[in-house]
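K.L.:
Chain by chain, the residues run as shown.
Number of protein chains: 4
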Amino acid sequence: MQKEPSYGAGIWHFATYVDRYATDGYGDPRTVLDAIKLAGAVGDLSVVDLNWPFPPGNISTSEVKDALAAEGLRAIAVTPEFYTGAFAKGGFTNPDPAVRQRAIDLVAASAEVGRELGVDYIKLWPGQDGYDYPFQADYNDLWDKSVSAVRELAQSFPDLKFAIEYKPREPRNRMVFSSVARTLLAIEDMGVDNVGVLLDFGHSLYGGETPAEAARMAMARNKLFAIDVNDNFRGWDDDMVVGSVHLLETFEFFFALRDAGWDGVWQLDQFPFREDSVEAARAGIRTMRAFHHALNNLDREALAAAQSAQDALGAQRIAKQALYRALAESETL
Amino acid sequence: MQKEPSYGAGIWHFATYVDRYATDGYGDPRTVLDAIKLAGAVGDLSVVDLNWPFPPGNISTSEVKDALAAEGLRAIAVTPEFYTGAFAKGGFTNPDPAVRQRAIDLVAASAEVGRELGVDYIKLWPGQDGYDYPFQADYNDLWDKSVSAVRELAQSFPDLKFAIEYKPREPRNRMVFSSVARTLLAIEDMGVDNVGVLLDFGHSLYGGETPAEAARMAMARNKLFAIDVNDNFRGWDDDMVVGSVHLLETFEFFFALRDAGWDGVWQLDQFPFREDSVEAARAGIRTMRAFHHALNNLDREALAAAQSAQDALGAQRIAKQALYRALAESETL
Amino acid sequence: MQKEPSYGAGIWHFATYVDRYATDGYGDPRTVLDAIKLAGAVGDLSVVDLNWPFPPGNISTSEVKDALAAEGLRAIAVTPEFYTGAFAKGGFTNPDPAVRQRAIDLVAASAEVGRELGVDYIKLWPGQDGYDYPFQADYNDLWDKSVSAVRELAQSFPDLKFAIEYKPREPRNRMVFSSVARTLLAIEDMGVDNVGVLLDFGHSLYGGETPAEAARMAMARNKLFAIDVNDNFRGWDDDMVVGSVHLLETFEFFFALRDAGWDGVWQLDQFPFREDSVEAARAGIRTMRAFHHALNNLDREALAAAQSAQDALGAQRIAKQALYRALAESETL
Amino acid sequence: MQKEPSYGAGIWHFATYVDRYATDGYGDPRTVLDAIKLAGAVGDLSVVDLNWPFPPGNISTSEVKDALAAEGLRAIAVTPEFYTGAFAKGGFTNPDPAVRQRAIDLVAASAEVGRELGVDYIKLWPGQDGYDYPFQADYNDLWDKSVSAVRELAQSFPDLKFAIEYKPREPRNRMVFSSVARTLLAIEDMGVDNVGVLLDFGHSLYGGETPAEAARMAMARNKLFAIDVNDNFRGWDDDMVVGSVHLLETFEFFFALRDAGWDGVWQLDQFPFREDSVEAARAGIRTMRAFHHALNNLDREALAAAQSAQDALGAQRIAKQALYRALAESETL
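Chains as they are written, first to last, in the numbering used here: chain A, 1 to 333; chain B, 1 to 333; chain C, 1 to 333; chain D, 1 to 333.
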């Protein structure tokens with residue numbers, strides 16, 4: 001009987017958003033302190049991942065510390081924002097050496113903040129590192145600049161861990177760290193020990209991967225540093241509530257983690273554009289908790305036997321028996 | 001309390017298959033009589049849709065009648081095979097008038113067989129009617145030929161119903177009847193009363209539609225003549241077992257049918273390339289039966305209230321409560 | 001020898017943008033007056049489509065008129081912004097009747113402005129009209145509200161034309177007017193004469209349509225009121241420069257327009273997030289001008305003969321001969 | 001001035017095909033000897049890649065040698081057919097050890113034939129190695145079996161090279177060697193020197209990669225053993241004629257090869273289901289030859305400068321100037 005995992009969330013789950021049409025925003029702006037309060041209201045969250053500089057930019061680390069303490073939350077990670085408009089043509093890969101340095105410096109500064117907060121890892125999401133048009137970029141150059149920037153940071157902060165969150169696209173049409181396998185190859189090229197992968201279920205799904213298989217690949221190399229979960233329609237990073245579309249594949253993803261003995265935080269990266277963010281988090285956690293119970297009930301030996309015969313119908317049925325029972329219990333509480 | 005629907009299947013569910021690589025086939029060939037026996041073995045099937053000419057081509061209608069009777073099955077439809085290699089460049093839209101006529105004649109002959117079998121509809125799936133390359137086709141011409149062929153057939157058999165199964169692509173890279181809305185427009189252009197739509201859940205899904213919404217659109221015009229269900233990964237017509245990937249959207253599809261008072265057969269169009277076909281059918285029916293029970297338990301008023309507020313979290317939760325309970329019961333029987 | 005078409009652009013082509021990550025924006029904000037100056041600098045633009053209220057909101061119609069006159073531009077359309085955060089859960093389909101009325105009123109007010117500017121049409125892009133989650137929406141209700149709102153507006157302004165720009169998704173995960181065929185069915189349901197389709201090439205492409213085929217369908221019903229062009233990678237509305245990815249299919253699209261005698265404006269809907277907007281417009285127009293010349297050189301009879309035989313290789317070669325010559329000339333000027 | 005490359009084709013380019021609907025085939029069956037004659041008729045082909053056992057199965061190596069000699073062709077590769085129905089649940093990953101051994105033995109036997117023919121590489125396309133359903137497979141097990149099978153073969157034939165052709169899916173819903181990066185990681189795990197990648201442009205494209213970037217990645221590790229080219233609509237392996245859809249990205253792919261000094265054969269993997277195969281090959285070669293000329297004319301320094309600034313419009317224009325001129329010349333010959 002495995003004990004229940006800790007649950008976490010990116011603090012942006014509790015922010016409001018803009019997009020290219022709703023420039024006035026989906027709701028009024030919130031500071032990181034507002035968001036921490038909402039995260040606390042969920043009731044089941046233990047940790048949060050914090051954007052830095054702390055939105056809207058003028059909030060101190062000690063204010064954040066106090067706010068976290070007040071809600072009984074811990075900072076699991078810091079996410080430096082080197083993917084804003086200032087880095088439109090790239091952070092680590094910006095053609096302008098001064099802008100590239102600014103990106104590296106911003107991550108370094110966030111690492112200092114991370115140290116102070118005692119985080120588990122610094123999350124690197126180089127959202128603007130990529131390209132948009134055929135012929136626009138020298139791919140070797142993008143690769144080298146990405147690898148060397150992360151290596152430099154990892155060597156500067158040997159006591160910290162850095163987790164690269166790969167994503168196929170958005171905001172660039174194509175990103176450098178676009179798949180689990182590309183990211184693992186890049187980490188090899190870095191030649192350092194303190195860089196790993198943050199696997200976002202949705203990124204993996206709409207990137208054409210099977211998330212459970214991607215997780216297995218990262219774990220087989222001891223490089224799965226963290227995970228984020230959400231859901232989408234397989235064509236874009238919709239960041240919907242966990243289990244709202246791809247229930248079985250999300251369950252399979254958590255099965256892969258549990259089966260390999262991975263014991264990290266089960267973390268939400270949802271964007272409730274038009275939903276109540278506290279309720280959206282609760283819905284995601286409710287489903288994750290059902291997964292946890294289902295994994296405790298799952299007949300592992302029968303599943304292994306079915307899988308060893310590639311018996312699709314048999315394996316699905318074993319998984320469904322455990323899953324549906326746990327889901328039914330979860331929804332009737 | 002709605003009574004349980006009848007279940008059906010395309011008889012090809014119980015055939016074996018080839019593809020462009022496995023030219024030797026996934027299993028030994030089966031005649032339609034073999035397939036009918038397997039359909040009977042499922043235990044819950046009431047009707048089947050029959051390819052015609054009956055595979056492998058030399059089997060009489062009376063032999064088929066006898067085989068159906070022996071298994072307690074009824075023919076719900078006949079599917080004329082005007083999408084084989086002989087019609088590589090089109091059936092109804094073939095550039096060669098003689099080949100086009102052959103396609104029409106083949107459908108007409110199948111309609112006679114359908115009459116003899118007492119089917120509910122003749123299924124028209126013009127799989128080779130489309131195009132592969134930019135600039136290859138005159139789109140107006142494809143449209144006109146498609147519309148006029150179906151009109152001619154519908155007028156020749158005013159006592160029968162014809163159901164067009166739309167599909168985005170495969171075997172042609174693009175098909176004429178590619179979406180529910182295009183097909184409804186074509187049916188309007190035909191100006192006849194006995195032509196409607198067969199909505200295949202998987203076609204709708206990988207065509208980018210929301211199947212429940214597509215069904216609503218066809219029902220609003222009284223043109224939903226039949227349905228087929230299966231599942232896929234949203235990029236191709238994988239014809240997987242019902243509910244193996246998109247459980248919630250499949251349930252929403254059946255909710256739309258039930259809610260609108262549609263009372264047709266719940267029919268499988270699965271292709272178990274590498275699975276036992278009887279077990280695959282049972283798995284699909286088990287899930288459909290759970291949907292039926294879930295629909296009986298669903299709190300319709302609460303759902304309508306949530307939907308009228310576009311309350312995504314609320315609506316999903318109401319649906320899940322009914323669904324998970326029914327699924328859990330179904331898997332533990 | 002067909003004379004050259006007029007070229008146009010959405011005025012937002014010359015704006016700057018935000019997205020959910022680059023909340024600080026890709027460049028400094030620009031007013032509509034700034035944007036009109038840039039549009040004038042392109043040199044080949046005759047008309048522009050104007051968002052309304054004129055960004056950033058406090059600019060009068062007469063100021064806009066003067067700015068247009070100074071640049072020798074005409075307003076071809078007004079695009080009312082009923083897709084901002086204020087309409088997060090829908091404009092025409094908002095569950096709150098007051099918000100829905102506000103959307104209709106906003107469009108009506110924009111129509112008055114359009115009258116004053118002498119536009120050809122009011123563009124309706126109901127970007128927030130749709131849904132995000134399975135089970136969230138009552139599809140019939142969304143449809144009815146969309147149809148009745150547009151009908152009401154069309155009847156209130158019988159002297160104006162309204163062009164619905166369909167789009168598969170974004171910002172909602174799914175939109176009501178998602179395809180050409182659905183939009184044509186909706187227009188039928190409206191029962192008015194002054195509503196048509198604005199076909200955006202990119203929307204059609206990533207919606208899985210063949211844009212040339214979609215255009216044929218709208219023209220066959222005399223409902224193609226306007227077009228927008230751009231390009232993308234078939235998975236999202238990337239709004240890239242015309243011809244930067246799908247050269248042949250874009251040429252086929254313009255062939256369909258010319259072949260059917262459609263004589264409207266050839267209009268850009270590009271979003272140069274990280275590019276110079278004047279140069280991006282010039283690049284798009286350079287390619288469109290090459291299409292124009294290529295169409296003048298195209299051997300129509302040979303193409304018709306190849307198409308009537310579905311001779312893909314032959315048809316493509318005829319198209320390419322005309323296209324490549326014109327493109328080569330265009331790039332060496 | 002780079003000299004013109006050699007052109008090649010998979011011999012199946014000149015076969016006829018079946019699919020799951022056209023079980024009667026798109027044209028009459030052809031033996032490998034028939035196909036070699038057609039390959040010779042193209043006029044510009046130097047090499048062919050040969051399926052083995054030679055279709056339809058009873059043709060000797062010496063017959064093939066003679067046929068190749070008669071047409072002035074050389075065998076560049078042998079492609080063992082361990083992806084037929086006999087290997088429905090996998091070749092290297094088959095759950096049945098006896099079937100797995102049969103797959104390995106078949107490849108080994110093909111390697112002997114390859115030696116006799118003096119091929120450059122044995123092509124490994126494990127088309128049935130993968131899975132279809134969530135929960136069906138133990139991903140670590142599939143990986144290990146795939147890696148160890150290829151390692152064993154590579155060690156058994158140290159004088160030969162093995163090129164793995166990766167592909168996202170088809171015939172399995174998901175394949176083990178699905179992307180360039182996954183395949184490079186697998187090759188690392190093999191720990192042998194004579195295994196590399198065959199990069200199929202179309203597989204890369206519909207797998208969501210940028211083919212030029214994928215090629216750069218394989219070349220940076222000296223693992224690009226061979227290439228195949230074709231085209232598709234980004235959703236499936238349509239195997240269309242080169243340049244019929246994605247002209248610019250195909251040109252970029254060849255630019256990457258040339259720029260990195262890669263000097264292998266430019267090889268076709270087209271499936272002309274409904275087209276004349278000799279004409280389809282000629283069309284593909286005509287476009288590739290235009291790419292060759294365009295690369296000789298390309299202003300490399302200007303392109304490098306534009307790329308180093310991520311100047312998308314500038315870089316595209318430089319590429320287009322060279323490309324369009326060469327294409328125009330190629331089509332008017």
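To be clear, the hints were calculated from the coordinates, so they are not data collected in a lab.
Values in this document were obtained by computation on a predicted structure and should not be read as measured data.
Careful: at least some of the hints might be erroneous.
Which copy? The list can't say, so a pair holds if one copy fits it or any two copies do.
[What the hints assert, rightly or not] Subject to a maximum C-alpha distance of 20 angstroms in a straight line, what follows is the list of computed EDC-like cross-link-like pairs (lysine to aspartate or glutamate):
#1 K65 <-> D259
#2 K223 <-> D189
#3 K65 <-> E116
#4 K3 <-> E188
#5 K223 <-> E188
#6 K37 <-> E301
#7 K65 <-> E4
#8 K37 <-> D24
#9 K161 <-> E112
#10 K65 <-> D34
#11 K223 <-> D141
#12 K223 <-> E4
#13 K3 <-> D299
#14 K3 <-> D28
#15 K161 <-> D263
#16 K223 <-> D276
#17 K37 <-> D299
#18 K223 <-> D259
K.L.:
A separate judgement is required for each hint: does it hold in the structure or not?
P.N.:
To see whether the hints hold, each was checked on the structure:
1. Taking the shortest alpha-carbon separations for K65 and D259, neither the intra-copy value of 35 angstroms nor the inter-copy value of 52 angstroms comes in at or below 20 angstroms.
2. When the C-alpha separation of K223 and D189 is checked against a cutoff of 20 angstroms, the pair qualifies both within a copy, at 14 angstroms, and between copies, at 16 angstroms.
3. In the homo-oligomer, the alpha carbons of K65 and E116 lie at most 20 angstroms apart inside one protomer (9 angstroms), although the nearest pairing across protomers, at 57 angstroms, exceeds that limit.
4. In this assembly of identical chains, the alpha carbons of K3 and E188 never lie at most 20 angstroms apart, being 34 angstroms within a copy and 37 angstroms across copies at closest.
5. In this assembly of identical chains, the alpha carbons of K223 and E188 lie at most 20 angstroms apart whether taken from the same copy (10 angstroms) or from different copies (16 angstroms).
6. Taking the shortest alpha-carbon separations for K37 and E301, neither the intra-copy value of 44 angstroms nor the inter-copy value of 34 angstroms comes in at or below 20 angstroms.
7. In this assembly of identical chains, K65 and E4 lie within 20 angstroms of each other by CA distance neither inside one copy nor across copies; the values are 26 angstroms within and 58 angstroms between.
8. Taking the closest pair of Cα atoms, K37 and D24 never come within 20 angstroms of each other, the shortest separation being 23 angstroms inside a single copy and 25 angstroms across copies.
9. When the C-alpha separation of K161 and E112 is checked against a cutoff of 20 angstroms, the pair qualifies only within one copy, where the shortest distance is 12 angstroms, while the shortest distance between copies is 50 angstroms.
10. Within a single copy, K65 and D34 get their C-alpha atoms as close as 13 angstroms, which meets the 20 angstroms cut-off; across copies the closest is 44 angstroms, which misses it.
11. Only between protomers do K223 and D141 lie at most 20 angstroms apart by alpha-carbon distance; the minimum there is 19 angstroms, versus 24 angstroms within a single protomer.
12. For the identical chains of this complex, K223 and E4 are neighbours neither inside a copy (23 angstroms) nor across copies (45 angstroms), given an alpha-carbon limit of 20 angstroms.
13. Taking CA atoms no more than 20 angstroms apart as the test, K3 paired with D299 passes inside one copy only; the shortest distance there is 17 angstroms, against 34 angstroms between copies.
14. Proximity of K3 to D28 under the C-alpha cut-off of 20 angstroms is found in neither arrangement, the shortest distances being 39 angstroms within a copy and 49 angstroms between copies.
15. In the homo-oligomer, the alpha carbons of K161 and D263 lie at most 20 angstroms apart inside one protomer (16 angstroms), although the nearest pairing across protomers, at 42 angstroms, exceeds that limit.
16. In this homomeric assembly, K223 and D276 never come within 20 angstroms of each other (Cα to Cα): the closest approach is 34 angstroms inside a single copy and 39 angstroms across copies.
17. For the identical chains of this complex, K37 and D299 are neighbours neither inside a copy (40 angstroms) nor across copies (34 angstroms), given an alpha-carbon limit of 20 angstroms.
18. Taking the closest pair of Cα atoms, K223 and D259 come within 20 angstroms of each other only inside a single copy of the chain (16 angstroms); across copies the shortest separation is 34 angstroms, beyond that limit.
Figure legend: structure checked against the earlier numbered hints; hints not met, in rising order: 1, 4, 6, 7, 8, 12, 14, 16, 17.
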